[in-house]
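Hey, can you work out the whole structure from these sequences and the hints?
As given, the protein sequences belong to chains A and B, one line each in that order.
Going by our numbering, the first residue of the first sequence is number 1, and it counts up by one from there.
Going by our numbering, the first residue of the second sequence is number 1001, and it counts up by one from there.
A hint or two may mislead.
With a cut-off of at most 20 Å between alpha-carbon atoms, the simulated EDC-like pairs for lysine to aspartate or glutamate come out as follows [unchecked claim]:
1) Lys1759/B x Asp277/A
2) Lys1760/B x Asp315/A
3) Lys1577/B x Glu1601/B
4) Lys1631/B x Asp23/A
5) Lys1668/B x Glu1134/B
6) Lys1759/B x Glu115/A
By construction, these hints were calculated from the structure, which means they are not laboratory data.
Please read these numbers as outputs of a predicted model, since none were measured by experiment.
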Amino acid sequence: MRQCLTILLFGVFCGCETIVELDIPSDYQAKLVVESQFSPDSLWTFRVGKSVPYTETVEPSELIVPDARIIISDENHFRDTLQHIGGGIYKTLQGHRPVSGTTYNVKASASGFSEVQASSWAPPLQSELLEIESMEVGNSSDRERYVLRFSIADQPGSNYYNLNLYQVMPFCEDDNGGVRIEDGPSYTTNYWPIFFDSNSPSFHAFIETVDDPIYPRIENEFSGAFLSDQLFEATTQEFEITFEPTVFEFVSPYFMLELSALSDDLFAFERSLELHDYYLFGPDLTRSSPAVVYTNVVNGLGIFAGYTSDTYRFDAKGNEWQEDSVAVGSSNLQPCQ
Amino acid sequence: MVVNRCLIIVLLLLWNTQAGLVSAQSVTISGYVEDAMSSERILGASVSIPALQYGTTTNQFGFFSLTTEPASIRLLVSHIGYQPILDNLVLTRDTTLIVTLAPRTVRLDDVEVIADRVSDFDKVQMSRHEIPIEQIETLPVILGETDIQKTLQLLPSVQSGVEGSSGLYVRGGRADQNLILLDGLPLYNPNHLFGFFSVFNTSAMKRVELIKGGFPARYGGRLSSVINYTMKEGNLKRFAGEGAIGVISSRLMFEGPIVRNRASFLVAGRRSYADQLWRPFQVGRKRYGAAFYDINMKANYILSPRDRIYLSGYAGEDRFSYEERPFPGANDRTRYDLGWHNRLASLRWNRRIGDRMFASTLFGVTQYRFFSATHSSESAGEGEGDFIKFDQSWHSRIVDWTTKIDFEFIPNTNHYIRFGAEGILHRFSPGSTQTRLDESGRSPINLLQTPTGWISSRQMALYAEDEMQLQEALRVTAGIRLSRYFSHDEQFGSLEPRLGVYVRVSDRTAVKASFARSKQYVHLLTGGGVTFPTDLWIPSMDRITPQRGYQVAAGIYQSYRSGLYEVSVEGYLKRMKGHIEYKIGADRFRAGFLDWPDLIEIGTGASHGAEIFIEKRRGDLTGWVGYTWAKTTRQFESLNAGLSFPDGFDRRHDVSVVMQYELSGTKKISAVWVYGSGYPVWVPTGRYVSPGGFRASTDWLFPLHLVDTGPVNTARAPDYHRLDFSMHFQKNRNWGERTFSIGVYNAYNRKNPMFVYPKKYETGDSVISFRQLSLLQLIPAISWQVSF
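Next comes the structure, spelled out in structure tokens:
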């Protein structure tokens, strides 16, 4: 309906657009922009930058804050001061990683800015890959289709999940320096997202509709999906997806299912980014207010939020495989032939 | 405790009334005032006894009752556009009159007119405007489409919202806070063409009344204004009609007797034809369509000298479409439809009970429905007849069943008592979706989703009010309204005192004051800015409390040269609670499917302002100048860090100049100039970059340029002003008269801001600039009208 209204309104309101000067208060206070999307699979890493008055146009590199003091802590005795390694990126030198289910607090300060703080966690995730099997496909027997079953043991409270399915595919480098998929005996392989189908009402193609448990849809095809637990709150839910792999002569079908549990903060940030993109595209008359980018950074901007991912690698027979056994991304791209 | 106190006040009023009744021998003159040509009842006509310096006005149905001592009197009856009548009467007992007034056919100069136009100067009711339909018809408007609501926007403290809209934001109120009544029943969406025109066809209207404050107790359920539209009744004596051809629509009205002097009818219709005119020019692969129509119907039957019944109906619809094909003439296509309609039907029974009481009973139903649909059909597969058809439609509805009974009791000249009861059954269906997929070779999929189903709620109210002449120069209207609302999961009650005070300081000067407390049980869930047909009407319920507020107003009124000029200065203070607003980032299209309380914020509002209104009421040159200084704020706990911020339609200065000049008996010229300081806009104040969303790369290769939106509504859009002209040339013919009108909207082609917004261009450093969308620039208009 949004599309319908937007098109019709555009027809009605195709008036004259002009640039105007607005009298915006000039006392804008620059804020620290602190960003970390953390997971137990990675070391503590932050990016720290600053905001500037709206009227200023600057290069991203000019917005880096290299002299910030970043302290990460939990409710117990964990405490780590991160170090600037260049380009506005701060990392732990102690090799610390977030622990799923633990709430962390970050404090950041830099000269000329108010101290900011935020807290969040990487929610625990309990999932299981149950089964993968080949299925009969009507008349097109030459195109194989697979069904994949997995389960999520949902924790009490509001939870959000993200699901992606990848296939290992051959890549090469074309004459213009671009990357493209092309079958060949020696091409480098890497992950490429593939489409899958699901009839589950919990699956949503767009993050905007995830809060709506019965969002009306007619298409069941997804290239990545978001889920909320509204329809399976605090229970173990089994899901089934089907997919049709791309067939290559030289590369066998290897797949990877990536399932992530997103914290509320990360979900809200992700959702607000999508709305924000619409907002800066032009007059979105259907919106009730400007699309404010979500932040949980008190006195500042940015996002400090965690996620936990389970990754399942399997081939067409359901056997597990390792990245080094299929040489994913193991060498430089070969030129396309 | 409060109820007891009010009960005591009501009892005292009744005791006082009874005392008045038995204190002296009296006789009552009652009856109706009618148009001599059509027998149409004239409402708001002045009926007075000049020698005794008191009088009354006819009610909404032309009824009056005047009680005095037995004597020989001279009764003066007058109304705008009619020859006044001064009649000698010898009153010895109660008398019933049908007074007929003849329409004026020649111009009268100022000296001849004794009481040409009923003035609010002498009334207790303040903050009230009534603009004659004849005057509205000669004001310049967009594309020559006469529009009553747009004329109301020219009055002090009435904002239109976005440019060109027919929306009304009265004294800092919201669009849903106006009680818009058509023959006593509410209309939920009074807009055509996204608000560029209102649904009220001037050919079918007899009167429009706007009350901005000091609301009488007989009105309730809305916080900010009452807009009372009354349709014509239909000519009882002869067949007559009116037609007009404009730039985008035409209208036709026909009326006449069903049984001469006993029953009559009126039918009026209007339809836009832009869609038909565009059709030959749309030869590409894209086609647009926009159309609206409305039909007004009314019939009445005089059962007896005491009884009369009215049947009123209204139906109106808007429909927009956009169709796209891969290439011209292709069978594959995608079509989007969007539209809304209002339906209204009422049956009213009026009865005169004795000479001092009048009763009016109303049964009615009103419905509003919005819909949006997508249809696509495309060939599929290799077979010639293979296809895929996809249809999805979204509907939102509200239906009100209303029953109401109103009594007017005029025991003596010192009291005018009104009391009554009202019951409304609201039925809401905020969102349902119908989806159908039909693919050759497969069973069709048909899915109907109505997550909330129909939600019913009931609203009941009792009221009583008395307009009392306490002293020669002091009149007071005291009223009370009791209401109760039963939602599906919650109940709410309300006790609403109303008070109006009138003090006549001198023959030329009066002072008025009023207090009104109101409660509103239905909400329009809308964005803070533009009102769309997609906005949802929802009931009060658990976690969505009713809107409530009060308004205090006071003013001084000055009349010059026997009412030739009137000047008023009014000030008001308004406080409101229970405002609802979508949460930041909430998607209004999901509102039909989710728990509304999860989507909204509830807050408060405050408004205060001062209005100056200078009107020249008679002569070749008529019109007014209005100026408003106002300040309106909102406060929501989760918005703007809980701090108060300017409302989206907070306009500090607002000026309107309206002038009509009668060049001769057949030529008129009119002009309107309006000025408004800029509306607040909520725009970014800062900017920064981010690596992006979930699983964003840690490098800054493709940073997102984001904005810090900062405090709410800190900036102001550019000021608004425009000048409109129109000229009207009238000619009398054997069969009637015709009027040819030309005009221009926004004569000096000012680019006024309709929307102000930021816009990003992906050019290297991602420049973000502020843009303004201006829609209505210089627009000429032409129309041709006949009446017979």
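Each hint tested on the structure:
1. Lys1759/B x Asp277/A: Since the Cα atoms of Lys1759/B and Asp277/A sit roughly 10 Å apart, the hinted pair holds (cutoff 20 Å).
2. Lys1760/B x Asp315/A: violated, 44 Å
3. Lys1577/B x Glu1601/B: holds, 12 Å
4. Lys1631/B x Asp23/A: holds, 19 Å
5. Lys1668/B x Glu1134/B: Holds - the C-alpha atoms of Glu1134/B and Lys1668/B are around 12 Å apart, at most 20 Å.
6. Lys1759/B x Glu115/A: Distance of about 31 Å is beyond 20 Å: violated.
Violated hints for the displayed structure, listed by number in ascending order: 2, 6.
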